[in-house]
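Colleague: So you can see what is in the structure, the chains are spelled out below.
Protein chains: 2
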Amino acid sequence: MAVYTKVSAEEIDRFLSRFEVGTLVSAKGIAEGVENSNYLLETTQGRYILTLYEKRVDPRDLPFFVALLDHLSAHGCRVPPMIADRQGEKIQQLCGRSACLITFLPGVSVSHPTEAQARSAGQALGAMHQALRDFNRERRNLLDHDGWRTLAEQCGPEQLDNIAPGLAKAIARELDHLDEHWPSYLPRSVIHADLFPDNVLMLGDQVTGLIDFYFSCTDVRAYDLAVTHTAWCFSDDGTDFRDPVSTALIDGYETAFALDHAEREALPTLARGAALRFLLTRAYDWINTPADAMVTRKDPQAFLHRLQYYQSHPEVFSS
Amino acid sequence: MAVYTKVSAEEIDRFLSRFEVGTLVSAKGIAEGVENSNYLLETTQGRYILTLYEKRVDPRDLPFFVALLDHLSAHGCRVPPMIADRQGEKIQQLCGRSACLITFLPGVSVSHPTEAQARSAGQALGAMHQALRDFNRERRNLLDHDGWRTLAEQCGPEQLDNIAPGLAKAIARELDHLDEHWPSYLPRSVIHADLFPDNVLMLGDQVTGLIDFYFSCTDVRAYDLAVTHTAWCFSDDGTDFRDPVSTALIDGYETAFALDHAEREALPTLARGAALRFLLTRAYDWINTPADAMVTRKDPQAFLHRLQYYQSHPEVFSS
Numbered sequence: 001m002a003v004y005t006k007v008s009a010e011e012i013d014r015f016l017s018r019f020e021v022g023t024l025v026s027a028k029g030i031a032e033g034v035e036n037s038n039y040l041l042e043t044t045q046g047r048y049i050l051t052l053y054e055k056r057v058d059p060r061d062l063p064f065f066v067a068l069l070d071h072l073s074a075h076g077c078r079v080p081p082m083i084a085d086r087q088g089e090k091i092q093q094l095c096g097r098s099a100c101l102i103t104f105l106p107g108v109s110v111s112h113p114t115e116a117q118a119r120s121a122g123q124a125l126g127a128m129h130q131a132l133r134d135f136n137r138e139r140r141n142l143l144d145h146d147g148w149r150t151l152a153e154q155c156g157p158e159q160l161d162n163i164a165p166g167l168a169k170a171i172a173r174e175l176d177h178l179d180e181h182w183p184s185y186l187p188r189s190v191i192h193a194d195l196f197p198d199n200v201l202m203l204g205d206q207v208t209g210l211i212d213f214y215f216s217c218t219d220v221r222a223y224d225l226a227v228t229h230t231a232w233c234f235s236d237d238g239t240d241f242r243d244p245v246s247t248a249l250i251d252g253y254e255t256a257f258a259l260d261h262a263e264r265e266a267l268p269t270l271a272r273g274a275a276l277r278f279l280l281t282r283a284y285d286w287i288n289t290p291a292d293a294m295v296t297r298k299d300p301q302a303f304l305h306r307l308q309y310y311q312s313h314p315e316v317f318s319s
Numbered sequence: 001m002a003v004y005t006k007v008s009a010e011e012i013d014r015f016l017s018r019f020e021v022g023t024l025v026s027a028k029g030i031a032e033g034v035e036n037s038n039y040l041l042e043t044t045q046g047r048y049i050l051t052l053y054e055k056r057v058d059p060r061d062l063p064f065f066v067a068l069l070d071h072l073s074a075h076g077c078r079v080p081p082m083i084a085d086r087q088g089e090k091i092q093q094l095c096g097r098s099a100c101l102i103t104f105l106p107g108v109s110v111s112h113p114t115e116a117q118a119r120s121a122g123q124a125l126g127a128m129h130q131a132l133r134d135f136n137r138e139r140r141n142l143l144d145h146d147g148w149r150t151l152a153e154q155c156g157p158e159q160l161d162n163i164a165p166g167l168a169k170a171i172a173r174e175l176d177h178l179d180e181h182w183p184s185y186l187p188r189s190v191i192h193a194d195l196f197p198d199n200v201l202m203l204g205d206q207v208t209g210l211i212d213f214y215f216s217c218t219d220v221r222a223y224d225l226a227v228t229h230t231a232w233c234f235s236d237d238g239t240d241f242r243d244p245v246s247t248a249l250i251d252g253y254e255t256a257f258a259l260d261h262a263e264r265e266a267l268p269t270l271a272r273g274a275a276l277r278f279l280l281t282r283a284y285d286w287i288n289t290p291a292d293a294m295v296t297r298k299d300p301q302a303f304l305h306r307l308q309y310y311q312s313h314p315e316v317f318s319s
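Protein chains in written order, with the working numbering: chain V, 1 to 319; chain X, 1 to 319.
Simulated from the structure, these hints should not be mistaken for laboratory data.
Being a predicted model, the structure only gives us computed values, none of them experimental.
If a hint is listed, it holds; no wrong ones were tucked in.
Simulated pairs of lysine-lysine, PhoX-like, Cα-Cα distance not exceeding 20 angstroms:
{"id": "1", "chain 1": "V", "residue 1": "Lys-28", "chain 2": "V", "residue 2": "Lys-6"}
{"id": "2", "chain 1": "V", "residue 1": "Lys-298", "chain 2": "X", "residue 2": "Lys-6"}
{"id": "3", "chain 1": "X", "residue 1": "Lys-6", "chain 2": "X", "residue 2": "Lys-55"}
{"id": "4", "chain 1": "V", "residue 1": "Lys-6", "chain 2": "V", "residue 2": "Lys-55"}
{"id": "5", "chain 1": "V", "residue 1": "Lys-6", "chain 2": "X", "residue 2": "Lys-28"}
{"id": "6", "chain 1": "X", "residue 1": "Lys-28", "chain 2": "V", "residue 2": "Lys-28"}
{"id": "7", "chain 1": "V", "residue 1": "Lys-6", "chain 2": "X", "residue 2": "Lys-298"}
{"id": "8", "chain 1": "X", "residue 1": "Lys-6", "chain 2": "V", "residue 2": "Lys-28"}
{"id": "9", "chain 1": "X", "residue 1": "Lys-6", "chain 2": "X", "residue 2": "Lys-28"}
For reference, chain V alone in the conformation it holds in the complex:
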């Protein structure tokens, strides 16, 4: 949550002159998204987001993200596509970094989603999956099921047990369970893979934008619904499951995209996997971020609680 690369107003002005977007009226560095530098720009013609890609986004992935957002936008999904300059280029260079000028979308990210908001988010996710049926580019999921065991090993059993006693063993058991039951045979698709409420813009109960596609990748399609479920249907600390929000999210999804029988059957397993994925990456970040760093560490246990809930309540996905 910070601006990493300082771009002067003069540099932004020069950058905008490549585009047909008017002249600069205001530029504010904003705290948004994964580890990129973002500016909210106002010009004489409208508003835009300027993103400079820092180390977490591989510039070689940018053509995939550009194509994905163009495809979704062309299919009527509310996402923020990159804007082409006069030469038709969407991927630019600025201050030694890859950079894109991106469509600004109105809306705010809610912190405590209501049922109606979860229904809309589920519907937007389903509509996205529908639109992606004929999208034929692929991107590997760097954080997929195959990589979780390695991630756990990189954390180390002692360090995991320092987070919560018995955590290493609980993770090992879950990895064994998922190796045995992971439904890799289910239909695959490009997925968002990180659709937390932070990444959904809303006005009232309506979705005005899905944003931050920088984890999007090819994986089991229903896993995307499982990730969204674990992100939306609990209190922040993971101790309070919100059943009506869960029902609304899945109902909303199914109004736009019908799960088949095998996908529905696999949801409890997929949700355990989703909870484990965020437990592992949060544990990794916790272990590798000094306690006194200025970055807020997110408590891994919030996803241990979710995992435990899914382990003991597979029935939450029964309709």
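Mind docking chain X on chain V? Use the hints.
Modeller: Same frame as chain V, but now just chain X:
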């Protein structure tokens, strides 16, 4: 440069309901100003800045800042006044902090001011001093001439010499010089005291706003011009003095506010004081910020170079 207090969209929504400003359309945490938390808000009626005051601003000073911005605004100066709620209150509470909803101003802060931009900034500063002739509130300057010796002692001679060999002695000599020559007899006024290019919004060559008044205080009025001079008329590292920018800044100031003879005579001394003030606060921050902190430390030597330039070139202020 960061958002310190996270305010949820739901909390911002509730906060805005105290005002007649429409309903929330967008909210982005922005990296701006001294150590406050700032959000750029868009509502159905317009744009606003929401500021939550963190430790560096004493809530007891807020009524002074509110009165100052109201006075300047009423006198036609382009500044961002605080907005009153339906009960007429401008100072609010939000997330355990004092908070204000503030008028949004267009414009960007330039990094390399041109002559024309410096002339406009000087003129805006002069117009501000003109408007403040009948403003009768006072606020003590916590970083005035009387406090510089203490600040140097808090840095410590060894630590200062670690920044640059001989720095402690150079500062001690300058403190002696300023004690002997400081023109405390000059007319006093409320001053901005921190009018760096960062704190001036511009469109092209025109000033659209003076912002960030949280250092404003009562002091020698011409010292404000000296601070602005040291902020605008050098390259960032202080090694390159920009004579045409200096001339334009002072000329611009005098089109709006006439310096008297004693003020003009004292400018070389005031500028040395201004350079020393920023040298000392930057040295203090340098010594007290770990090198690996995520906050960028600003090099104190940039103001040592300015001080040395003023010491050897008093003639830059001769018209």
